[in-house]
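Engineer: Spelled out from the first residue to the last, the chains are:
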Amino acid sequence: MKIVVLVKEVPDSYGERKLNLTTGLAEREASEKVLDEITGRAVEVAVSYAESAQEAEVALLAVGPASAEATLRKTLAMGGDSAHHVVDEGLAGADLTLTAEVIAAALERIGFDLVIAGDVSSDGTGGLIPTMVAQRLGTAHATSLDAVEITDSAVAGERAAYGGTVRVQAPLPAVVSVTERLPDPRFPGFKGIMSAKKKPLETYTLADLGVEAEADVPRSIMLSVSETPARMSGEKITDDGDAGTRLAEYLIQRRLV
Amino acid sequence: MTMVEQNTPERNTSEPNILVFLPVLPSGELLGSAAELLGAASALGTPVGVILAPAGKGHAAAEAAGQCGAARVFTAEHKVTGSLLTTPYLEVVAAAWEATGPEAVLVPNDVDGRDIAALLSVRTGSAIASDVVGVHRDEEGVVAHHSVYGSGYTTESAPTHGTLIITLREGAVDDRAPAAEPVVETLELNGAGLDEPPGTAASITEFTESVEASTRPDLRGAKTVVSGGRGLGSKEGFELAGQLADELGAGLGASRAAVDAGYAAHSLQVGQTGVTVTPDLYIALGISGAVQHQAGMQTAKTIVAVNKDPEAPIFDIADFGIVGDAFEVVPQLIETLRAKGQ
Numbered sequence: 000m001k002i003v004v005l006v007k008e009v010p011d012s013y014g015e016r017k018l019n020l021t022t023g024l025a026e027r028e029a030s031e032k033v034l035d036e037i038t039g040r041a042v043e044v045a046v047s048y049a050e051s052a053q054e055a056e057v058a059l060l061a062v063g064p065a066s067a068e069a070t071l072r073k074t075l076a077m078g079g080d081s082a083h084h085v086v087d088e089g090l091a092g093a094d095l096t097l098t099a100e101v102i103a104a105a106l107e108r109i110g111f112d113l114v115i116a117g118d119v120s121s122d123g124t125g126g127l128i129p130t131m132v133a134q135r136l137g138t139a140h141a142t143s144l145d146a147v148e149i150t151d152s153a154v155a156g157e158r159a160a161y162g163g164t165v166r167v168q169a170p171l172p173a174v175v176s177v178t179e180r181l182p183d184p185r186f187p188g189f190k191g192i193m194s195a196k197k198k199p200l201e202t203y204t205l206a207d208l209g210v211e212a213e214a215d216v217p218r219s220i221m222l223s224v225s226e227t228p229a230r231m232s233g234e235k236i237t238d239d240g241d242a243g244t245r246l247a248e249y250l251i252q253r254r255l256v
Numbered sequence: 000m001t002m003v004e005q006n007t008p009e010r011n012t013s014e015p016n017i018l019v020f021l022p023v024l025p026s027g028e029l030l031g032s033a034a035e036l037l038g039a040a041s042a043l044g045t046p047v048g049v050i051l052a053p054a055g056k057g058h059a060a061a062e063a064a065g066q067c068g069a070a071r072v073f074t075a076e077h078k079v080t081g082s083l084l085t086t087p088y089l090e091v092v093a094a095a096w097e098a099t100g101p102e103a104v105l106v107p108n109d110v111d112g113r114d115i116a117a118l119l120s121v122r123t124g125s126a127i128a129s130d131v132v133g134v135h136r137d138e139e140g141v142v143a144h145h146s147v148y149g150s151g152y153t154t155e156s157a158p159t160h161g162t163l164i165i166t167l168r169e170g171a172v173d174d175r176a177p178a179a180e181p182v183v184e185t186l187e188l189n190g191a192g193l194d195e196p197p198g199t200a201a202s203i204t205e206f207t208e209s210v211e212a213s214t215r216p217d218l219r220g221a222k223t224v225v226s227g228g229r230g231l232g233s234k235e236g237f238e239l240a241g242q243l244a245d246e247l248g249a250g251l252g253a254s255r256a257a258v259d260a261g262y263a264a265h266s267l268q269v270g271q272t273g274v275t276v277t278p279d280l281y282i283a284l285g286i287s288g289a290v291q292h293q294a295g296m297q298t299a300k301t302i303v304a305v306n307k308d309p310e311a312p313i314f315d316i317a318d319f320g321i322v323g324d325a326f327e328v329v330p331q332l333i334e335t336l337r338a339k340g341q
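Chains as they are written, first to last, in numbering that gives the first Met the number 0: chain A, 0 to 256; chain B, 0 to 341.
For the record, the hints were derived by calculation from the structure and aren't laboratory data. All values reported here derive from a predicted model rather than from experimental measurement. Take these hints with a grain of salt, some might be off.
Stated by the list, open to error - Computed cross-link-like contacts, BS3-like style, restricted to lysine-lysine with a CA-CA straight-line distance of at most 25 angstroms: (1) K17(A) x K300(B); (2) K300(B) x K235(A); (3) K1(A) x K196(A); (4) K235(A) x K307(B); (5) K339(B) x K235(A); (6) K197(A) x K1(A); (7) K198(A) x K1(A); (8) K196(A) x K73(A); (9) K307(B) x K234(B); (10) K235(A) x K222(B); (11) K339(B) x K222(B); (12) K197(A) x K32(A); (13) K222(B) x K300(B); (14) K190(A) x K73(A); (15) K78(B) x K56(B).
Produce the complete structure using the sequences and hints provided.
Structural biologist: Set out below in structure tokens:
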């Protein structure tokens, strides 16, 4: 069983995040780069299965700028046997279509039985890549799973549906994504950190994967970017025993209740 | 997929077709987001609804779609359990696509909507705009609006060419379309999408209908949201937020800290991880307002905050802030509103 986890490096959502107002691209210097929280949960699913299984190998795959290598190393400290990094200038500002194409091409190169990703990233908030990748690879998708069970030949789990929840099952190979309901990742121990330094990490360019970033297919392009004006604080009072009444008056006056 | 019944529609050739996937609940009701999906579509062209309903409920759902502005509706019926995941939805949307040649396809940005968008995009080679908060048309076509990094930035995107597939963030669009008498076309699914090559799709083995525990409006679409935080102190204390929500007919939310502490269900979480809301009124009780939380609510039109800590960051963005104890302020607020007959 070979499990590949899709690893995403993001600007830390606990700090300030900035877009460049000329290019519309992320200001990489503005924020600390961290492993997307949801990726940590995906890694944990893979690593905990690998610990219990007879023969399971976990590979990590990231598509991103050079800085993502440090994030891949940190992630390897949580577990995983190898890491793969697609890094290429042609990927700056890549839309979902190109990103899915690159990930699918890399997965074909690496080989996989099961791909695990986080369901929605904290920066792009798209939640589309895992299913797009599955469709490109011709495998089943089972996304946004709130619980995951992996066996030698299948993956199953639960997810939200209109008006309820469904239990789904997919034969392997498959691509799944997990939600925040999955457990937190483990804290990498000293041993993990030391061994991560020695684990293989391979890099690929778009040319290595046979992907043409300039191909004339429909792309999503950014037309404009603007900063939302900072929200100003309004009235602030300290409760002297009548704040509830004053709030009621405020709401009534503005026809908010 | 075969078309079993078709009224020849009078097509308005001057207006492009905009396909809208409209989710249906097991009861046969359209999901609450139908009105805004069709409202957004009507700003771009002729709204064409696509519905996959439980057996016997297709026609009523199509009528309801007309009430929300669908000029034309494609419906099919199926049973969830035993079918393939996403495939039946995709089949219906793809059939409607073939019949209408849409300029854009709108789906809700939810678990099933995202899967439909993703599969359709790869299958048709179309560009996607994700987590869209608004749409308009310029001289070159459809433009999608995005709210990025917890509403810190607004961006616009467009496809270089071809149909644009859009996942629409719930609660973000205020446009509504006038009611219409829809032309309804019934489609028949080929064995609930089981013509997919075996082994390339997940199957649904069980469906559990959620027990309707709450009569509160859905958090995402609610005009007023009351959220509780860690400051409410306990699961019992959190009920204060629920009481105020019920008093105001509001949706109930929670900060991540309150969810992590076990005061509130995960589905109530507002923030970067969780739900993004854009209500007219957002009332934060005992929420400090970390950046994480602000990312999910700072586009509310009016923000009210009650917190004991005068330094809480929530006050930086609140239109009306009260430094005080929510357990004192809220009962008095409720009492005053009742006295004034609000």
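Engineer: Decide, hint by hint, whether the structure agrees.
Structural biologist: Comparing the hints with the structure gives:
A distance of roughly 23 angstroms separates the Cα atoms of K17(A) and K300(B); the hinted pair therefore holds under the 25 angstroms criterion. Among the hinted pairs, K300(B) with K235(A) is consistent with the structure: their alpha-carbon atoms are about 17 angstroms apart, no more than 25 angstroms. The hinted pair formed by K1(A) and K196(A) meets the criterion: a straight-line CA distance of about 21 angstroms does not exceed 25 angstroms. Taking the CA atoms of K235(A) and K307(B), the gap is near 12 angstroms; set against the 25 angstroms cutoff, the hint holds.
A threshold of 25 angstroms between alpha carbons decides the hint, and for K339(B) with K235(A) the separation of about 23 angstroms falls inside it, so the pair holds. Taken as a hint, the K197(A) and K1(A) pair is honoured in the structure, with Cα atoms around 20 angstroms apart against an allowance of 25 angstroms. Among the hinted pairs, K198(A) with K1(A) is consistent with the structure: their alpha-carbon atoms are about 16 angstroms apart, no more than 25 angstroms. Proximity of K196(A) to K73(A) is assessed by CA-CA distance (about 9 angstroms); at most 25 angstroms being required, the pair is judged to hold.
A distance of roughly 18 angstroms separates the Cα atoms of K307(B) and K234(B); the hinted pair therefore holds under the 25 angstroms criterion. Restraint check for K235(A) and K222(B): the C-alpha separation of about 23 angstroms stays at or below 25 angstroms, so the hint holds. Proximity of K339(B) to K222(B) is assessed by CA-CA distance (about 21 angstroms); at most 25 angstroms being required, the pair is judged to hold. With a CA separation close to 22 angstroms, the supplied pair K197(A) and K32(A) stays within the 25 angstroms bound.
The suggested pairing of K222(B) with K300(B) holds, with an alpha-carbon distance near 10 angstroms, which does not exceed 25 angstroms. Of the supplied pair hints, the one linking K190(A) and K73(A) holds, its CA atoms being roughly 12 angstroms apart against a limit of 25 angstroms. A hinted pair counts as satisfied when its Cα atoms are at most 25 angstroms apart, and K78(B) with K56(B) qualifies at roughly 11 angstroms.
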